[in-house]
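Peer 1: The residues making up each chain are set out below.
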Amino acid sequence: MAASALTTGVAAAAPAGEVRTSEQRIRTAGADLDTTLYLPAALPAPAVLVAHGFGGSKASVDTDARELAERGFVALTWSARGFGASTGQIALNAPDAEVADAVELVDWLAARPDVRLDGPGDPRVGVTGGSYGGALSLLLAGHDRRVDALAPVITWNDLAQALFPNAAAAQPPPADTPARGAFSGDGVFKSGWAGVFFSAGLGEADTGQDEAADASAAPPASGGSGAGAALPSGPAADPAPSGASLPASGLPANCGRFTAEVCTAYTEAATTGRLSAGMAELLRRSSPATVTDRITAPALIVQGEADTLFGLDQADANARQIAAAGGPVKVIWYSGGHDGGPPGEPLRGEIGDWFDFHLAGRGDDPGTGFGYTVVSGVRGGSNTPTTRSLLAPEYPGLPGRGELRARSLPLQGDPQLVVRPAGGNPAAITALPGLGGALGALGGRVTAFTAELPGQSAQFRTAPFETSTLVTGAPRVQLALARLPGQPAPADAVLFAKVYEVAPAGTRTLLGSAVAPFRIAVPADGSPVTTTVTLPGVVAPIESGNSLMVSVSTTDQGYAGGVEPAVWLVGTGPDAALTVPEVPGENVTASTVPIGPLVGIGVVLALALLGWVAGRVHGRRRARAAAPTDPAAAEVPLRIRDLAKTYRGGFSAVKDVSFDVRRGMVLGLLGPNGAGKTTVLRMLMGLITPTAGSISAFGERVGPGSPVLARIGAFVEGPGFLPHLSGADNLRLYWAATGRPEAEAHLGEALEIAGLGDSVHRRVGTYSQGMRQRLAIAQAMLGLPELLVLDEPTNGLDPPQIHAMRELLRRYAQGGRTVLVSSHLLAEVEQTCTHVVVMHKGRVVADGTVDEIMAGGGAATFAVDAPERAAAVLGALDGVRSVEVGTGAVHAELNGTPRASAVRALVTAGVDVTSAGPRRRLEDAFLQLVGEDTTP
Amino acid sequence: MTDHSADPGDLPSTVRGTVGALAADGPPSAPYRPGRTLPLRVELVRQLRRRRTQVAFGLTALLPVILWAAFSLTDDGPPTGSLNLVDLAMGSGTNFATFALFASASFLLVVVVALFFGDTVAAEASWSSLRYLLAAPIPRARLLRQKAVVAGVLSTAVLLVLPVVALVVGTLAYGGGDLVSPTGESLDYWTAVGRVLLGAIYVAVQLSWVAALATLLSVSTDAPLGAVGGAVMVAIVSQILNQITALEDLRDYLPTRYATAWADLLSSQIDWAGMTRGLFSALTYALVFWAAAVWRFQRKDVTS
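If you're matching them up, the sequences are chains A and B in order.
Once you know that position 285 of the first sequence is 641 in my numbering, the rest is easy, because the numbers rise by one and skip nothing.
Once you know that position 60 of the second sequence is 140 in my numbering, the rest is easy, because the numbers rise by one and skip nothing.
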């Protein structure tokens, strides 16, 4: 055939990854097709035609084509006649219409330099597609011998059987393959699905811009894009036409984009519910069954287990016929289908592998096995069905393969009456055609309540299974039907057979969510007719203890079952058994551990190890840097130089603080609240890091966690205990946490200091503030540290306890230890300390011995009744300087003049002296500071 | 108490206004060794005596019993409706243990791990005891490490208590039959016991990311509730995002993406892919969060 293609326009799209695409229109004998070509990086390459599903367009297979192009194939997608932007009318894959178009597309590919050729005009080409596209794949492979490999997905073998199924046969076909259907003629019209299917060809053509149809079919489990094998989109999913429009061809408006022939045949079938001769012929032409005996190319046949439109029996027939013709066949049943979803990414990958091996000679031989998926009724955490995949080495019953294993299970149940109400209503609901995806799967749950209507069904049960069994394929049952004299009944019985799994508690699960309709002539004389009914092909795990139940009922919502009232007597046949096929398979699991993540785990662990080692090395180096270098400095318990701390936000808590604390000192750090005392102590404990300056203790630099902190005991800013432990346990565990020997703790002395009596054995949570305070001071003294740091130790103590505390601190320092006490109370410092550092607003304002600071040299203060006069008197004395007059007092620098002489002089001058003493500069200064602070 | 032997008895205490004698010169004290601070035994005692630890263990051990009681109380239900997980759980002891682990792994065990790790430093900060530990001095990295080791030991113990108790309760209640999976596979009892325990270990390692995140939050706040709640919230948000199928491959980066991958252990042939990815993902998150926690804690100004 000469390539009559015409490129009307080429638009090079932006490259996505390494795939380049170009859109062109190709004119064939009967239509003008809208096509997209996907080109891989390396050319020339084998080509794959990717056909779309009914109601879709070339856009709905974009993902599939792109994935194939990424694998290195030239992929060609096109909108079929009557779909998308292509012209022409829908002829249902007729050999002289859609199939002829596809043959011309092969010609077009053969003329391209970037497609690998097997010979002149013969490209290396494969074909795949879902549903409508799947049938086209088979028909093209049958009509055009240039096709080198094919992968039809969820499609039909015999369209007449798909739309007018009849599962009953007096002489059943041999049960050689797992899901061989009866395929008897004159079936029951599958009106629900047929209507959905036909309506997709009505109205305006989908321009291919709208992906809603495919999105609705995306299964929750696949995780892939929704644009897998395009499914016929339901009317609900097709938003374009809100009203009908008159076709240009002049055909009736109810014909949409269908050819007149198809439209007429469908109209007849839909109105009568019977398969007319014309319709039968039309459907036969569109059926791969007519050409499968000519297909010898390797075929990967993929069918869905959730598919009430094209069941497993259709794939079984395709596989059987192609295998008989000599083509290598691999069969995969996956968890989706027209009621589930399109193939997910892993399955699309298997299809890609098939073409890789059979077209390009790449990769491992995918073989001719049989893969199937077990879907459990139990849903996993994220509402996705739990599944497992199995692989059998071969599809049993094909030429040269093993035999099918089947088990015969005796059925119990007497003949029962079943009634079809007049009008066939209410009807059982078993499936929700055309919804697909999550909603379609919902059908399986709804059926539990809607599939069995009272009085409409006869039920026969097997014994409970002793071991769990996996039903793989189509079970069969022999039934005997009879009419009852005097009861209404038409000439033919239309009945629906199905199988349930029944748990001991009575829970029923409809296998495959599918029914097997059948039509059979029943003798008028009341004698029974015996027939074998092939039930829907399923993959169903049956738990041990559960049994199977065959139900034969009179109605089903999805079928045109007739409207006349009918009463039938349904019983099992002479062979009262249910035959159940089994195909043992091995679990398909990637039992190899993925290398990437494994290496990743190794890298993570190595990084963790590296970080740990680096941390240790760093810590050791820091410890060495902190070690004392100057032996003289090691004698100084605490040396603070130019210390400053600025908190985040700019608040400067401490500035330029420098002082030394020497051995034996009880040094008071005096200052009003907020002077920065606690900040200094926190830095001294290594809790916060100074902004500038340094602290060294015993010559070692102090920082977070410095070892020298072990020689310092501290009580800063209130106690901190575990409230659920007793006081004694708190101290014991605290000491244990320091890691030093228990003998050095001096726990007895510490507890004595705390003076808690028997309360030490109570939970700290029950203590008063003062008790906690004492316990915390005791904790600071554990191990009798060389430098004891106490922050406001007398807060919350009773006067006798305060007194004892002073005594304690003095004695503590006597043995060469050192004490640093902070306080905001002058009296406290004055009575306890030998030395004092006064802080105000973060700075040191005074520093010296208490006596020095208190006495302020030779200055004296005299409380007098007449300060002015007293000043004059004192000023006249020899050596006395700097006389100041205060309120009710006079201050003077005596400079060696005894205070007594000065008093005598004053008294002699007639000034009354109330008191005379050293001038308390510290108090003055401090009161000034505090006063300043307390004024608002 | 050993200290009473050193107590002469007549020494006054601060209660009476005087103080006891203080040995001015003792024997030279043993050198400070950072590596000996906060021994695990000490930290374990500190944590085990806490009510929250005891409650967490108690509740986890009680959960299988509660489940068993709930199953016993429920009606068989109407004879319609499809197969559900509860029916499956009552199949055998190992089925029951699997159910118990499934039911608790996504939330209860997350909370337990977040509690043990998130509370560990933040609680010390809230009690103000943290600054005394640091001034003891316990090096900060060591403090964090010892606390994490103890929290890890406690978490792992809880994670193992649950399946072990569930196996015992389940076996007593429903017998030592095979483990039957919803897809119709069965494993013999002892194999199934091993798989369930292996599953618990996977859950434990997988939750390391929660542990590290909770530690990071724990060193960042003084409120234990903030640290525990924060880690649990992140886990829940991740679980919610994981439900959004539209995110597709982005979900692979969620830390809870492979939380249930241990279910692959329940088939005769184990698919290690999900679990390997899960471990990689969890350990990577754990390392990042842990490094951030150490870095932050080393530099933090402890002001509580």
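Keep in mind the hints are simulated off the structure, nothing from the lab.
Be aware that a few hints might be false.
[Said to hold, decoys possible] List of simulated lysine to any residue pairs, SDA-like, C-alpha gap at most 20 Å:
1) K380/B x F1007/A
2) K380/B x Y1003/A
3) K380/B x G975/A
4) K380/B x K1197/A
5) K380/B x G1006/A
6) K380/B x T1045/A
7) K1011/A x R132/B
8) K1197/A x G975/A
Peer 1: Of the numbered hints stated earlier in the document, which are not met by this structure?
Peer 2: 4, 7, 8
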